[in-house]
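S.K.: Got chain A sorted already, so can you dock chain B onto it with the hints?
Protein sequence lines, in the order shown, are assigned to chains A and B.
FYI, UniProt numbering numbers position 102 of the first sequence as 102, with every residue one higher than the one before it.
FYI, UniProt numbering numbers position 12 of the second sequence as 12, with every residue one higher than the one before it.
You may find that some hints are simply not true.
Given that identical chains are not distinguished, each listed pair holds provided it fits within a single copy or across any two copies.
What the hints assert, rightly or not - Dumping the calculated PhoX-like pairs for lysine-lysine here, alpha-carbon to alpha-carbon at most 20 angstroms:
1. 185 to 6
2. 306 to 258
3. 250 to 78
4. 250 to 299
5. 6 to 258
6. 299 to 258
7. 250 to 306
8. 81 to 71
These are calculated hints, taken from the structure and not from any lab test.
There are 2 protein chains.
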Amino acid sequence: MGQRSKILDCTIRDGGLVNNWDFSVEFVQDLYNGLSEAGVEYMEIGYKNSPKLLKATEPNPWRFLDDNFLKEIIPEKKFTKLSALVDIGRVDPNDILPREQSVLDMIRVACYIREVDKGLELVKMFHDLGYETTLNIMALSSVPEKQLIEAFELVRNSPVDVVYIVDSFGSLDPADIEHLVKKFKDLVPNKELGIHTHNNMQLAFANTIAAMRSGVTFLDSSVYGMGRAAGNCHTELLVSYIQKTSYELKPVLGIIEKHMLEMRQKWEWGYIIPYMISGVLNEHPRVAMAYRNTEDRDKFVDFYDKVTSPEVELATVTK
Amino acid sequence: MGQRSKILDCTIRDGGLVNNWDFSVEFVQDLYNGLSEAGVEYMEIGYKNSPKLLKATEPNPWRFLDDNFLKEIIPEKKFTKLSALVDIGRVDPNDILPREQSVLDMIRVACYIREVDKGLELVKMFHDLGYETTLNIMALSSVPEKQLIEAFELVRNSPVDVVYIVDSFGSLDPADIEHLVKKFKDLVPNKELGIHTHNNMQLAFANTIAAMRSGVTFLDSSVYGMGRAAGNCHTELLVSYIQKTSYELKPVLGIIEKHMLEMRQKWEWGYIIPYMISGVLNEHPRVAMAYRNTEDRDKFVDFYDKVTSPEVELATVTK
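For reference, chain A alone in the conformation it holds in the complex (with noise of 0.2 angstroms):
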């Protein structure tokens, strides 16, 4: 079991919606020469957005991602691919070299099933520039089916090497997974899947095994699970769990160590109750994530009253 299958560990990119891409280059260094020595196949180093088209105003290295200061910190590419994220509307197609002159491998493309023919756009010219590529598609516990027969004609007949399942709310169990990979493999026969999960309900690593068992290979996840609100499904368990020889759960405990207790003393992440609640209410984390910044963070009781109250805009949960 799992002996096709990879992990991409997306601590960089997903970690960094947790704390402004305030890594330093340190930490991500240290990342990726223990993802290396732990057999890990990709790292995600972050977003490849523009700068100019997000109106940036403070340089932001990891979520602009720039070749030739990649270059500089990571000068000899070990075991470990990597890749980057970019958003339809947000990536400048100028910023991106042909994949010889870069230390990417892989740019994968985030879209909402509506964006589906945007999306595998940005993926064949960033195929055509001799990238693998992934299309990841968003909140697809909230797509109806008809949607998804639509969109994934056109998935079936593109260049994108993985198709994402990606459950951006956390609200997806064991079994909703097994139903959408076949779903999914009944649509797009043509192509290895991935899947992306969340940890709202603590079951983001049974999601991931659950998706690994019918037959999903690309299994992202973040090291001590660091990733947006609840985070990710925890990089240490899957190589803990996955039987290939070429795992090595020694680098990762290596890194949690040195740098992840520390960086969730500054930042939170993890399971949370308002993480947990939205979750189960299939709801976009970031009502919960502003109610965190308020002085009634802890107000749990209140919080659950103000989301599930039909008279009240989510808007002023947070007011």
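M.R.: Same frame as chain A, now just chain B:
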């Protein structure tokens, strides 16, 4: 799904293994009232072992439950039934009143597979006194099949109401649970089944819902997961997830908000790397728990080296 299932909250009993049952009467009363309002069917209010047999030098009311004390603190029973756990060789039969004179409704007997005969003697006695009974078979992850088959002949012919699958080491995954449930159903088709999980690999909730889907009806959990080492399946997750109109999440959130955050600051349980490692290795968490009490508590690589080295005796890990 889940209409027939019942939640048994064991916060006091299993959580007591974290804090030596240092629970205030106010907390236990709030928990009882909250669980009743939430529609949780059972609450395990402690151990009913004998202070004499355990040579206790100090009073410990939740470890050595006394009927008079219980009547004082729970003067009026509400929705939730009460249970107590006993261990083989640690319970004095003379301490157990007939059910109609007791606040307790259920007595659960914990045993290892080799002691099933002794466990069933106790079960028969408690059954004859009018209690609902369960047999909780611990450390199932390392029981050979043949031993299970022999033991279950005895179980099949006993008056026990519920037979529990106990993942003491938190080392099982949902597929293991499904396999065990199938085996239990074959071997004791005339009994209801229960599941008690630990969260070492963040699979406690996933394992519990896998068991429920396979037909297990008694589901153990703890509020905010409070239980030995990595803790248990979280009560608030079961109450949110199971589609049963009688369940209400808000009273459980109220308990967490009022008590559990503070308790989690004071005492340690949950997903912690040495417990993850003991789960992965299918070992009792006692070595990891001892290690967490040394100054090396966060040296995860060192801990991993010690517990996986063939030359090191486990007893020396914490020296």
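S.K.: Determine for every hint whether it applies to the structure shown.
M.R.: Evaluation of the provided hints:
1. 185 to 6: For residue 185 and residue 6, only the intra-copy Cα distance (18 angstroms) is at most 20 angstroms; the inter-copy one is 36 angstroms.
2. 306 to 258: Between copies only: 18 angstroms across, 39 angstroms inside.
3. 250 to 78: within (17 angstroms within a copy, 50 angstroms between copies)
4. 250 to 299: between (39 angstroms within a copy, 11 angstroms between copies)
5. 6 to 258: For residue 6 and residue 258, neither the intra-copy (25 angstroms) nor the inter-copy (43 angstroms) Cα distance is at most 20 angstroms.
6. 299 to 258: Answer is between; shortest inter-copy Cα gap is 9 angstroms, intra-copy 33 angstroms.
7. 250 to 306: between (44 angstroms within a copy, 12 angstroms between copies)
8. 81 to 71: Answer is within: at 13 angstroms inside a copy they meet the 20 angstroms cutoff, but 64 angstroms across does not.
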